[in-house]
Amino acid sequence: MTVLVVTLLLAACLAVWGAGRARGASEFFAAGHRAGPWLAGLAGTAAAVSGFTFVGGPGLFAVAGAGSLWLILSAPFTGALQCWVVGERVVEDRPDRPITVPELLARRLGGRAVGAAAAVAVLVGCVASLAVQARAAAVLGEAFLGLDGWLTAAAVMLAITAYTAAGGMRAGLLADAVQGGVMVLVAVGLAGAALAAAGGPLAAVGSLSTRRPDLLGAFGTFEPGRAASLYLLFALGTLAQPHYVQKFLFVRRRADLRLLPAVLTGALAAMLAVWLGVGLAGAALQAEGRITVARPDELAPRVMTLLGPWAVLLAGVAVLAAMMSTAASFLNLAAAAATRDLPAAAGRTPCGVGAARWATIATAATATVLGVGSDRAVAWLGIAGWGFFTAALLPVIALGLAWRACRPVPAAAAVATGALVDVALELCRAHLPAAVEPGLAGAAAGALVLVVGSLCSRPAGETTASPARPAPSPP
Amino acid sequence: MLAAAWLAVGLAGAWWWRADTSTGLWWVVGTLFLLPLPIVPWLYAAWFEERA
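If you read the sequences in order, they're chains A and B.
Quick note on this note's numbering: the first sequence kicks off at 1 and runs consecutively.
Quick note on this note's numbering: the second sequence kicks off at 1001 and runs consecutively.
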């Protein structure tokens, strides 16, 4: 309970601080483009890493063993990949930069259709992902803090909404960076403590070699094809997550990109230590009979209980920080889509910051009710997560920002096609071959629509940039 | 090219040691995760000015 009260008090202070500073749209949605590489890197990584890394990741290791690592093995190069493919095309040394992801796509590709399609995809995906975060907050309260799930979810969402509605990403950026620092320290500490409890990494692997050899090897219990498709999904998918792209809107100037991959990669690798450390140690402890786990998600709480009350408390704080940073970005992105991008796509003047504050509150309330109110709804909404954003946005972000012949209408069709293919395949996932990932399949379908449509609709004789694109301006 | 070559070596090794409980795990963690951690951001920074 003390953790929740302290969180609410800190959020209230941050809300007061941010309310006076986020008066314009640029401050509210893009933190005034004032973040350096350390701030953007830590905050961006905190927003990218959700509670799943601390609870679901180790639990997945207990089920799939080394196979689960294929979700995170691309981490060493995703920071550089994002900066190279997205950052270098987004961060410009000019004052009138885009402040939302759909606005960025609409400006680069021209026309309103792609902005509208991207805004709808961002809004749907963000509300669904927020619902999952609210559900995770309820589980956090019950598993780590010993509190009522509803109370925890309501308190956590209230805290996030307070500073996100009042201060937008001006306050959110600062909160995310602090939360990122906490997550790095706690993740490394807990991973080390868990491995020490299992006798060290070599002893843990030795124990699993004799008791659960199926968890080891290069792919654990996964088929190699499934492991490879997960690797690709999480490597390429980083380019299409709107809360990942959003951090480039915060960056102060292009030169800051040079150091950004180092900060992103270092922070992410430190946070992922908990996946490998607690997962490996927990699986070994379970195999030795030192802990009993009924469901995979119980592995991390059981390991923390074995380590002691200090570990339970620290893990609770880290999961709370992970959820809050991710949810703050989703809230701001959803508010931007509803009050700025969709009106702009309809040819109307975007609403002001006041409307965005109300949209933030409405989005948080909707997501909390959806997330905590119904297990079935969350299970279904959960499909609109990483894979949904990958399917809908990867073609327009990876190809659309780089390929100068890309046309606006095929780009909008690519967003819609990717999203629909992903949802359709997710609904029949049980019947799909193991190597088929709906998010990747949706992205492939969207890319096909984008390429074929752009080539077919390209005006005769045109060989250079689309006329819809703005001419590059001097720095 | 460098990244593609490293990825090909990493995946080939993972396939080769897929059934070897200990070597398979350490190969994946070492070659595909730990080894490129410091190298990739350094390569990006080294070529940043050239691309700009």
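Note that these hints are calculated values from the structure, not bench results.
Since this is a predicted model, take the numbers as computed values, not measurements.
Heads up, a few of these hints could be off.
[As the list claims (entries may be wrong)] Pulled a few chain A residues facing chain B out of the computed Cβ check, cut under 10 Å:
#, residue
1, 10
2, 70
3, 83
4, 209
5, 215
6, 216
7, 401
[To be verified] Output of the computed footprint for chain B on chain A, the stretches with three or more beta carbons under 8 Å from beta carbons of chain B:
#, segment
8, 253-260
9, 405-414
Don't be surprised by glycine CBs; every beta carbon is placed ideally from N, CA and C.
These are the hints, each one checked on the structure:
1. 10: Status violated, d = 32 Å.
2. 70: 8 Å, holds
3. 83: 6 Å, holds
4. 209: OK, holds: residue 209 (chain A) within 10 Å of chain B, min 5 Å.
5. 215: Nearest chain B Cβ about 9 Å off; hint holds.
6. 216: 4 Å, holds
7. 401: 15 Å, violated
8. 253-260: holds (count 4)
9. 405-414: violated (count 0)
When each numbered hint is compared with the structure, violations occur for hints 1, 7 and 9.
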